[in-house]
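According to the working numbering, the sequence shown is numbered sequentially starting from 5.
Take the hints with a grain of salt, since some may be wrong.
Claimed, not checked - For each label pair, taking beta carbons as the anchor points, the in silico distance ranges come out as:
hint	residue 1	residue 2	range
1	A226	I284	33 to 43 Å
2	S212	P146	16 to 26 Å
3	R289	D95	22 to 32 Å
Unchecked claim - BS3-like, lysine-lysine: derived pairs with alpha carbons at most 30 Å apart:
hint	residue 1	residue 2
4	K286	K355
5	K355	K471
6	K64	K83
Derived from the structure by calculation, the hints contain no laboratory data. Note that this is a predicted model, so its numbers are computed, not measured. Ideal Cβ placement from N, Cα and C applies to all residues, glycine included.
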Amino acid sequence: MPQKMALLTRFLSYTARKFTTRRRQTALDSSVLAGSMDTQPTSSVLLDDVLLMVLAAADKPDVAVLMRVCRLFYAAGPKVILRTPVIISSDEDLSRFLTFLYAEGPRRSQFVRSVNVDVPVLNPEPFSDMWGYDPDRGGPKPAVRERFRQLGIALAGMTHLTSLSVTVRSLQELDELLALLEDSSSDAGKANGKGLYGVLRSLTLDVSVSLLSSEAAGRLRAGLLRMAHVQTLTLPETASELLYETSPGPDLVSAFAVMPALQSLYMTNPVYGDSEEIRILKTLRFRLVSASLNFLPPRRHLAETTIPEPPSDLHPVEILSHFRETLRELRSFGWYTRPDVLPDASIVYPKMRRLSLCYAGLPLTMAYIRAYPDLAYLEYSTPEGEHQSHNSLSVQLYDERHRMNVAAQTLSGRTWAYLEEFRGTLTDLYMLGLTCPIDQIHLYLVLDELGYQLDPVLSHARPRYLKLSQNKPGTFMCNLDCPEHLPDAVPELARGVFDALRGDGGSRLECLDMSLNLGYIAQGIMYVDVPAVMVRPIHLYASPRPQTRVTLSTGGPRGVTLQLAFARPQGRHLPDVC
């Protein structure tokens, strides 16, 4: 697509130059910017219409190039560029944006629909400087004040602005944001009577609660009560305590709890089983659609070697039950609950579509099937699935959990009709024991000693698309400092994959995507017969063959990637081969 767009851009540049040679070669005036056709032949009117349609379908970088070609594109380009959210992630971004915005006076401001402001703290040291104050003068940073001053000027002219997203990372930024929202001279959103409070859709509060004075908490509470249109609230670890700390005052908690339009809540601070968080979560009354929460054991048990079982009502299915009618997506880290106790069967989330459980406990699959009957996407990871070594006792545990979950679905006659996608390690999917078809599977493989799990997993799932990766990014499996187990692992796993696909596991397969990192091979960390891996699918599949893609990467941002692909329609079993 980029190559086609580049060729199209060159063609349009040549064509546009040819048909605009008769235009006046004077400075751009308002009539030319409006697309006046006074100096054009009648036959070029249709051409301009076509060019504008192509411009509307182009990507932002291509539009920027085309704006340099002719006056027509120069006038129409800003409307196309500004139709997507404007992202400001630095003071330099803001300066460049303002230069572009006012290149034609205030005209371009009317095209802005969405603005996202998220400027990270680049110099966190010293500590006082991190919170937006100049340690030398003891006053607010001039850069922060100037940023919000310029932002206020820009927002004042955006009469068609519908969405404003702001990330606050210091007390000074919080003060400046509240002052900006309260500024009665701002015209943004005034056309529809909402003002800046009316267009604020997303708020991220990354402010330490320990630095929040009573006065600051009072200002924040007053502001929260006016944020009637905020749909997304993100509370990083330091700010999550705003919901639970009593030092700023209980009124702050009540202000969060009654935000009427809030649909998405993202919190990184853990929800401990014995703390006030559980009670607070149950008091929230907004119609939550998406949530990201971290569930951990009761705080008093963290230092104990053996953590006692938590009460059954700590299961997230029950904790979030008052959101059951609206919740569609849940991401959780920890998911600490009793692994063999089902939650209340009457609690059903009819709209839940995406469930991501990271570093969860041993799966009890029927709990998810009963609570989320219409689930489409499932990501599941456990500490067991991410281990690099397994003994006989752990393998026995995996087998028992697999048999238990398969038997529960078989005896009850209940499972999902199908899943659209699953992501996780082979062991995690094996322990889940899913008996339903899964259209897309992304499996992370570890050791050849667990390759026996492939056949039962794939025979039930019968995927259309199967992607196999050597390791899972961001987990312990990326640690290759002690790779003694790897030289024999990959070939054995590859054989297990191909053997499993000759049975029911490959009956619906349309695409097989395998990834191998050539960097490991070059370093001698592992041995893989690359030609054999690439040629093997040719012999495995009778004609017509399934689409098979083998990806070989050297790793790193400039790694080399090679792909080999074949094609075959679905619904064919793979033949046995010698």
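Next on the checklist: Hint check: K286 vs K355, CA-CA at most 30 Å. Holds or violated?
Outcome noted: Roughly 19 Å separates the two Cα atoms, so the pair holds.
Checklist entry - If you check the beta carbons of S212 and P146, does the distance land in 16 to 26 Å? => result 22 Å, holds
Checklist entry - Between A226 and I284, does the beta-carbon spacing fit 33 to 43 Å? => result Roughly 21 Å apart at Cβ, these two residues miss the hinted range, so it is violated.
Checklist entry - Measuring from beta carbon to beta carbon, are R289 and D95 in 22 to 32 Å? => result 39 Å, violated
Next on the checklist: With the threshold set at 30 Å, check whether the alpha-carbon distance from K355 to K471 stays at or below it.
Outcome noted: Holds. K355 to K471 sits at ~28 Å (cutoff 30 Å).
Checklist entry - Taking only the CA atoms, is the gap from K64 to K83 under or equal to 30 Å? => result 11 Å, holds
Violated hints, in rising order: 1 and 3; the structure is consistent with all others.
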